[in-house]
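Engineer: Work out the full structure: start from the sequences and follow the hints.
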Amino acid sequence: MYIHVTAECLDCGQRDPYTPKVIACSKCGSGWREARYDYQAISKTILEDIRNRPFDIWRFYELLPVQDHHPAISMGEGGTPLLRATSLGLMLGCPNLYIKDERQNPTNSFKDRQASITVTALKEAGITETVLASTGNVAISYSAYTSRAGIKLWAFLTSLVPAEKMREVAIYGTQVIKVTASYDQAKKVAVEFASQREHGTYLDRGVRSIPALEAMKTIAYEIAEQLTSAVGKPTPDESTDPENPPPWRTPDWYIQAVSGGMGPVGVLKGFEELKEMGIIDRIPAVACIQTEGCAPMVHAWKANLDEAEPVLSPRTNIATLATGDPGRTYTELRKRMLRNGGGTFESVTDEEAFRAIHVLAKMEGLSMEPASAVAFAGLVKMVRSGQIKPSDTIVVNLTGHTLPVEKMILGEGWARNLELPTQVAEDKPEEGLLSALSRISPERYPRIAIVDDHPDARRLVRRILQSQGEYTLFEAENGKEAVALAQKELPDLMVLDLMMPEMDGFAVIDALKANEATASISVVVVTAKELTSDEEARLKGRIDTLMQKGEFLSDELSDEVRSLTK
Numbered sequence: 001m002y003i004h005v006t007a008e009c010l011d012c013g014q015r016d017p018y019t020p021k022v023i024a025c026s027k028c029g030s031g032w033r034e035a036r037y038d039y040q041a042i043s044k045t046i047l048e049d050i051r052n053r054p055f056d057i058w059r060f061y062e063l064l065p066v067q068d069h070h071p072a073i074s075m076g077e078g079g080t081p082l083l084r085a086t087s088l089g090l091m092l093g094c095p096n097l098y099i100k101d102e103r104q105n106p107t108n109s110f111k112d113r114q115a116s117i118t119v120t121a122l123k124e125a126g127i128t129e130t131v132l133a134s135t136g137n138v139a140i141s142y143s144a145y146t147s148r149a150g151i152k153l154w155a156f157l158t159s160l161v162p163a164e165k166m167r168e169v170a171i172y173g174t175q176v177i178k179v180t181a182s183y184d185q186a187k188k189v190a191v192e193f194a195s196q197r198e199h200g201t202y203l204d205r206g207v208r209s210i211p212a213l214e215a216m217k218t219i220a221y222e223i224a225e226q227l228t229s230a231v232g233k234p235t236p237d238e239s240t241d242p243e244n245p246p247p248w249r250t251p252d253w254y255i256q257a258v259s260g261g262m263g264p265v266g267v268l269k270g271f272e273e274l275k276e277m278g279i280i281d282r283i284p285a286v287a288c289i290q291t292e293g294c295a296p297m298v299h300a301w302k303a304n305l306d307e308a309e310p311v312l313s314p315r316t317n318i319a320t321l322a323t324g325d326p327g328r329t330y331t332e333l334r335k336r337m338l339r340n341g342g343g344t345f346e347s348v349t350d351e352e353a354f355r356a357i358h359v360l361a362k363m364e365g366l367s368m369e370p371a372s373a374v375a376f377a378g379l380v381k382m383v384r385s386g387q388i389k390p391s392d393t394i395v396v397n398l399t400g401h402t403l404p405v406e407k408m409i410l411g412e413g414w415a416r417n418l419e420l421p422t423q424v425a426e427d428k429p430e431e432g433l434l435s436a437l438s439r440i441s442p443e444r445y446p447r448i449a450i451v452d453d454h455p456d457a458r459r460l461v462r463r464i465l466q467s468q469g470e471y472t473l474f475e476a477e478n479g480k481e482a483v484a485l486a487q488k489e490l491p492d493l494m495v496l497d498l499m500m501p502e503m504d505g506f507a508v509i510d511a512l513k514a515n516e517a518t519a520s521i522s523v524v525v526v527t528a529k530e531l532t533s534d535e536e537a538r539l540k541g542r543i544d545t546l547m548q549k550g551e552f553l554s555d556e557l558s559d560e561v562r563s564l565t566k
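Residue numbers (my numbering): 1 to 566.
Any given hint could turn out to be false.
Unchecked claim - Think about it this way: if two alpha-carbon atoms lie no more than 25 Å apart in a straight line, the pair counts; the simulated PhoX-like pairs of lysine-lysine are:
| no. | residue 1 | residue 2 |
| --- | --- | --- |
| 1 | K21 | K269 |
| 2 | K21 | K188 |
| 3 | K233 | K44 |
| 4 | K566 | K540 |
| 5 | K233 | K362 |
| 6 | K549 | K362 |
| 7 | K269 | K302 |
| 8 | K529 | K513 |
| 9 | K529 | K549 |
Said to hold, decoys possible - If you anchor each label on the Cβ, the simulated ranges turn out as follows:
| no. | residue 1 | residue 2 | range |
| --- | --- | --- | --- |
| 10 | E489 | L47 | 53 to 63 Å |
| 11 | G126 | F193 | 13 to 23 Å |
| 12 | L305 | M503 | 15 to 25 Å |
| 13 | Q548 | H299 | 23 to 33 Å |
| 14 | K566 | N304 | 45 to 55 Å |
Everything labelled a hint here was simulated from the structure, so no lab data went into it. Every residue, glycine too, gets a C-beta built ideally from N, C-alpha and C.
Structural biologist: This is the structure:
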């Protein structure tokens with residue numbers, strides 16, 4: 001029995017002492033219960049108590065349903081970085097964009113939080129066998145932690161799970177059962193199997209498993225603490241109580257890809273607890289993103305329904321998001337969103353997710369699995385629709401790593417072949433190499449001038465072009481430099497900003513067109529300026545393309561440049 005935590009029934013309000021072996025309310029029999037703590041007592045000392053603790057999932061152990069806050073099975077889970085996405089934010093026109101990098105967990109997934117807390121609770125309760133259904137990442141996480149705890153794991157995996165992930169699950173000693181059916185059907189098989197096992201077998205029940213939900217709320221704790229460290233405490237103007245601002249701040253938006261929905265339910269619970277303890281004073285809006293081929297929550301939200309209609313035949317290549325029937329989880333998630341900071345549900349295509357993988361890797365150096373990419377594709381969609389404002393602070397959960405990489409993500413032509421000729425005896429060894437390298441020499445590539453008075457903007461355009469094609473690049477930081485560069489290097493194309501001091505982009509275009517040698521240089525204008533009708537008329541017929549900063553992705557700019565330099 002855990003003295004510091006009780007299990008409250010969501011249906012009748014009954015509070016029972018918590019133990020992992022009891023899964024239903026003692027009064028009404030409901031399996032929908034949540035952990036509750038003495039928040040008033042904890043709030044008095046918690047910020048001082050955590051000051052000297054390690055930054056990991058056990059930092060807030062008073063608010064976790066376990067007794068041992070230094071468990072032997074821990075592998076350093078939690079405490080993942082909150083990274084500022086400088087290049088992606090600049091490209092989208094959202095400078096306050098952050099990424100919660102959950103890839104840094106032991107098995108490269110945010111599901112390690114769930115496995116760590118749950119398996120610790122099971123071990124403390126003397127449970128020696130557990131059963132779960134999974135689309136991949138949960139089974140990998142539980143396999144790692146149950147192996148450390150000496151608990152047998154039965155994992156029911158849908159046949160859509162990539163073979164590489166199945167092998168990774170099996171290598172830990174997990175008993176893998178491949179179910180040739182949907183994930184929802186695999187869950188039903190797992191439930192039936194667990195019911196037939198001997199007493200003491202634990203069935204992971206997703207959001208209804210108290211340790212699993214409690215693990216997910218630690219993401220909210222960490223985001224609030226890390227964002228405060230990065231930006232500073234809320235000012236009086238930012239607080240709902242100007243005379244008494246809270247010690248920590250929260251983002252305006254939290255964005256996550258969802259399958260069953262437990263992640264955002266747990267994150268919202270975490271923010272609710274921080275607010276109840278007076279550590280924050282507002283809860284962020286939450287955006288839950290699904291893939292179009294399996295989006296029951298999105299359809300229900302758009303139709304203003306309390307319950308989601310199941311998708312019986314998911315049509316997506318992203319198997320980890322193929323939960324067709326979220327059941328009551330959607331209902332509980334919707335309730336939490338509506339009573340707190342609000343939010344939305346959006347869907348994106350598989351192709352948009354795969355595209356986001358490329359963008360994030362090339363712009364931020366971060367690889368991710370397709371399920372994580374769904375969240376970033378949703379971010380782009382929300383920025384373009386105006387739901388997210390340029391001034392908003394946004395945190396996107398990068399839930400997991402890209403291994404194994406699905407073949408369709410990279411496509412064809414991602415590498416160039418360089419064949420060295422067979423060396424003739426009288427040739428010098430260097431000649432064959434130099435001949436081969438000459439075929440990829442920069443002198444053979446289109447010549448592009450990048451003109452912008454902001455170094456970060458020039459760096460972003462350079463990175464976009466370098467990552468998407470082969471070009472010889474030049475830079476100028478003002479209009480005069482741009483004209484001189486054009487006359488000296490005669491580039492094939494100029495990527496030009498309009499808003500520059502002294503000699504602006506309009507004057508640069510005038511100078512280029514007035515000189516016979518530079519008049520034929522193609523011009524792509526990339527600007528944040530809202531053009532007047534007179535300014536639009538001034539550009540008409542004198543530039544090739546006008547692109548608004550924050551309204552294009554990297555491949556859209558590179559595609560335009562490529563079409564103009566063929």
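Engineer: Does the Cβ-Cβ separation between K566 and N304 fall within 45 to 55 Å?
Structural biologist: holds, 49 Å
Engineer: Within a Cα-Cα threshold of 25 Å, do K566 and K540 meet the stated pairing?
Structural biologist: holds, 23 Å
Engineer: For a C-alpha distance cap of 25 Å, please report whether K269 and K302 respect it.
Structural biologist: Status holds; Cα separation ~23 Å.
Engineer: Are K233 and K362 close enough, with their CA atoms no more than 25 Å apart?
Structural biologist: Roughly 32 Å separates the two Cα atoms, so the pair is violated.
Engineer: Given the proposed pairing of K529 with K513, does the C-alpha separation stay at or below 25 Å?
Structural biologist: holds, 22 Å
Engineer: Keeping to a limit of 25 Å between CA atoms, is the pair of K21 and K269 held or broken?
Structural biologist: holds, 23 Å
Engineer: Would you check the hint for K549 and K362, treating anything up to 25 Å between C-alpha atoms as holding?
Structural biologist: holds, 18 Å
Engineer: Starting from the range 13 to 23 Å, see whether the pair G126 and F193 falls in it by beta-carbon distance.
Structural biologist: Check passed, 21 Å falls within 13 to 23 Å.
Engineer: Do the beta carbons of E489 and L47 sit within 53 to 63 Å of each other?
Structural biologist: holds, 58 Å
Engineer: Quick one: are Q548 and H299 within 23 to 33 Å, going by C-beta?
Structural biologist: Once the Cβ atoms are compared, 32 Å apart, the range 23 to 33 Å for H299 and Q548 holds.
Engineer: When you check the alpha-carbon spacing of K233 and K44, does it fall within 25 Å?
Structural biologist: holds, 19 Å
Engineer: With the threshold set at 25 Å, check whether the alpha-carbon distance from K529 to K549 stays at or below it.
Structural biologist: OK: K529 and K549 at ~8 Å, within 25 Å.
Checked against the numbered hints above, the structure breaks hints 5, 12 and satisfies the rest.
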